[in-house]
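Chains A and B are the protein sequences, given in the same order.
Each residue of the first sequence is one higher than the one before, counting from 1300 in my numbering.
Each residue of the second sequence is one higher than the one before, counting from 1300 in my numbering.
Think of the hints as simulated: they come from the structure by calculation, not from any bench.
Be a bit skeptical, because a hint or two may be false.
All copies of an identical chain are treated as equivalent in the list; a pair is satisfied when it fits inside any one copy or across any two copies.
[To be verified] Taking lysine-lysine pairs in the DSBU-like style, the calculated list, with each CA pair at most 35 Å apart, reads:
| # | residue 1 | residue 2 |
| --- | --- | --- |
| 1 | K1418 | K1741 |
| 2 | K1418 | K1622 |
| 3 | K1535 | K1763 |
| 4 | K1488 | K1619 |
| 5 | K1535 | K1741 |
| 6 | K1418 | K1594 |
| 7 | K1741 | K1704 |
Chain by chain, the residues:
Protein chains: 2
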Amino acid sequence: MGFRIPAAAIALLAAAPLAWSAVAARQASTVSLIVANGIVITVDGTRRVMNPGSVAINGTEIVAVDTPAAISARYRSADTIDATGKVVMPGLINTHTHAAMVMYRGLGNDLNLMDWLQKYIFPAEARTVSPEFVRVGTRLALLEMIQSGTTTFADMYYFEEEVAKVTKAAGMRGVLGQTVIEFPVPDAKTPADALVRAEAFARQFAHDELITPSIAPHSVYTLDAKTLTAVSQLAKRLMMPIQIHLAETQVEISLSQKRHQMRPVAILDNLNFWAPTTLAAHGVWINDDEIALLKRRDVGVSNNPESNMKLASGTAPVMKYRKAGVSIGIGTDGAASNNDLDMFEAMRQAAFQQKLVTMDPTAVSAAEALEMATLGGARALGRGQRLGSLEPGKLADLIIVGMSKARQQPLYDPVSQVVYASRGDDVETTIVNGRVLMRDRKVLTMDEATVLREARVAADLVRKAVQ
Amino acid sequence: MGFRIPAAAIALLAAAPLAWSAVAARQASTVSLIVANGIVITVDGTRRVMNPGSVAINGTEIVAVDTPAAISARYRSADTIDATGKVVMPGLINTHTHAAMVMYRGLGNDLNLMDWLQKYIFPAEARTVSPEFVRVGTRLALLEMIQSGTTTFADMYYFEEEVAKVTKAAGMRGVLGQTVIEFPVPDAKTPADALVRAEAFARQFAHDELITPSIAPHSVYTLDAKTLTAVSQLAKRLMMPIQIHLAETQVEISLSQKRHQMRPVAILDNLNFWAPTTLAAHGVWINDDEIALLKRRDVGVSNNPESNMKLASGTAPVMKYRKAGVSIGIGTDGAASNNDLDMFEAMRQAAFQQKLVTMDPTAVSAAEALEMATLGGARALGRGQRLGSLEPGKLADLIIVGMSKARQQPLYDPVSQVVYASRGDDVETTIVNGRVLMRDRKVLTMDEATVLREARVAADLVRKAVQ
């Protein structure tokens, strides 16, 4: 009945799977970490979403993004994080903040900008900002950022070497800008002092894996041409990124014209200000010619939708920047004006604000908002080659986002769900430079209770300062 | 050595506290629940914030709001919830939603309104809406609402008696509007059928503690004058609140003018449409004369900032409504267009959108946004006497909001922190009509796993419907 399979052939067939897996095991590389079986939003060149997909990480780098079967065939890992049913995506890049200002969150609300600054923020800063205060505030900000999936932040503040120390200790990546401003501030009596500080800071953290020292001239209306030129020269000499507030408010435009007889972009272009990497924060009151110029000068832009709405600053021409090919990322601004460091909120508002203002519901899709919050931000900070997407060879900055809350059901489109129905609190795991900073909501690189206790003490100083 | 206190006096002193507490115990009333020692945001006539404060509840009503000492002296309770360090505030009132549409959350995104409706929402509704589907979807919505601190929702959908059943079972309060629209829909082939349904629904839930039956004519551009008049007459006869989409988009204005040769408000006023309680959802494209008319007719308005931004509908003139004294609340709209039912997001966006569009950072303060999301919504739904604030005699609809997350530190101003730095997920306890629906994040009136499982099954129907 039927034909007989020779016994030898049966033996061969039975042995084959074992033999094959032995070969596979011999061929598999060992990597440090595999994030397995998630819904992988890559933000790669084809905006591929793999469902399911796995990411193999070795040391500080992503080595492969592929199907779970392909990854498990090719790699063994010391550690595996199961991401079944969860989104795996590039870590969020907050392109503009003043991290330590979380200490002024909710201090003075719903005020005109000058009332708010003069009655609350400036007195509080004058009386409270110290190296210790900056460390405490930045730690609170780092905790919030790690908990909400930010893996790189661009900062502008004082005592930036202290920001760098606590950032490095927390394992976070930062492009940290030492402020230069013309009036006396807690860490520098003069702009010249600030330039000295910036240079020392740059040398202290040169070639650091996580910290990119940067210089942060405050704005064209708070600096003269001589200082702006000196900042530019220092940045070019030390290859430091520049971060500057640019065209944030209408008041800034008129102050700039009064002081320099030019609009902000022209002032800077006239001084040949632009460094190899320059990030313009806000970029709200910018016309078409200025957008074209920023593109030619390879200047990146940070869009800050929540701050621009809450402070009634205006709306950045995001669609025009994108059409012109300007690198544009998203920022939260300081939590004093926003009022949080949650990049999920910022992504959502980046979409909502543009849709409203352009009266076009197709403006800034969920995919575009997510791209700006990741790869766009990386490019705006001059790090597009190394950060912002899940691709082999990029640095391993990624997050795992839970999708199981009632408010996230049903799940038809993961990109839409991330942008329109998720929060920072949904981030379960945050990985920077291949190191797990938070796992299953437990922050591993900071002691949460200590951070909160120190922040409470510092908050009492702030309360006294504005009494 | 020293003077001697007579033994009798010592005995008297020793007995005094006991005697006093015995008197207090005799005088203390027994109540069902005390929420003790919180940061109580009352939204009362003087917008009092008591820190600390306690709320005594007996049965379905608030009996006292006072200092913790005063409350514990005057009341004993069967149950006490400690709210130390947490905000206690009126439950949020979502004045406009289509609850069961959570089933279409994230279905089609970033599309022009007509593409979205015609390619996704209408086909999905035609093929999936049934009594069972509405029950499943509404349960998912109820879970999300209870988890995010909503205690009353105003709904417009189909099979509203099913919405009522599951709402009542979950212990939630609802003003539930049976839809009337001119084309055939899953629960009514004609507007006449829908009117019959609405009347039966009103009779079925007459005098219900939690459910207020309502009628929901879709809009002036999807109904003729005859049907609008019939709706109005039925509402007046049965004393049912009316909910209607009004002036949501510019397209609606032109369709209305084409069909009725009048703008939407004039169409309705001409028909003497207004019932004792009429809620106009959206109210975006409304001019000054129309605002004055809505005030004279005592029509309430539901502002839906997130939906209006995401769908690029426009911006309701909230500041003008408030100046004119129109009752105005906040709504999320359906989660298909928003994309969640989180009233905290809606509060924040109500503030942000107005600040942006009026270019005035003082527009819609945190306190005003919170008032609109509570008392304002109660008034817009004709329930201002019984809902929307924490005051003796009001129904016991309140929430406890945790304030301990890193992103909520420091806490300078609880109202600012609720509106600008908190989320639905921070709500720990939700109480409706004196009954605890969620305690310490555990929903007590629904089985979360069952709700989510049933929603997954229904989502598969939706996927098939739009393939």
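Legend entry - 35 Å Cα threshold - placement of K1619 relative to K1488: Intra 40 Å, inter 47 Å, cutoff 35 Å: neither.
Legend entry - Within, between, both or neither: K1418, K1741 at alpha-carbon 35 Å: Cα proximity of K1418 and K1741: none, with 38 Å in one copy and 42 Å across.
Legend entry - Within, between, both or neither: K1418, K1622 at alpha-carbon 35 Å: Between. Shortest inter-copy distance 28 Å satisfies the 35 Å Cα cut-off; intra-copy 40 Å does not.
Legend entry - Alpha-carbon proximity between K1741 and K1704, which holds within one copy, between copies, both or neither at 35 Å: So K1741 and K1704 pass the 35 Å test inside a copy (18 Å) and across (13 Å) alike.
Legend entry - K1535 and K1763: within-copy, between-copy, both or neither at 35 Å Cα: neither (42 Å within a copy, 58 Å between copies)
Inset, instruction - Please work out whether the CA atoms of K1418 and K1594 approach to 35 Å or closer within one copy, between two copies, in both situations, or in neither? - result: neither (38 Å within a copy, 38 Å between copies)
Inset, instruction - At 35 Å max between alpha carbons, let me know whether K1535 reaches K1741 within a copy, between copies, both or neither. - result: neither (41 Å within a copy, 57 Å between copies)
Violation of the numbered hints given earlier is confined to hints 1, 3, 4, 5, 6; the remaining hints are satisfied by the structure.
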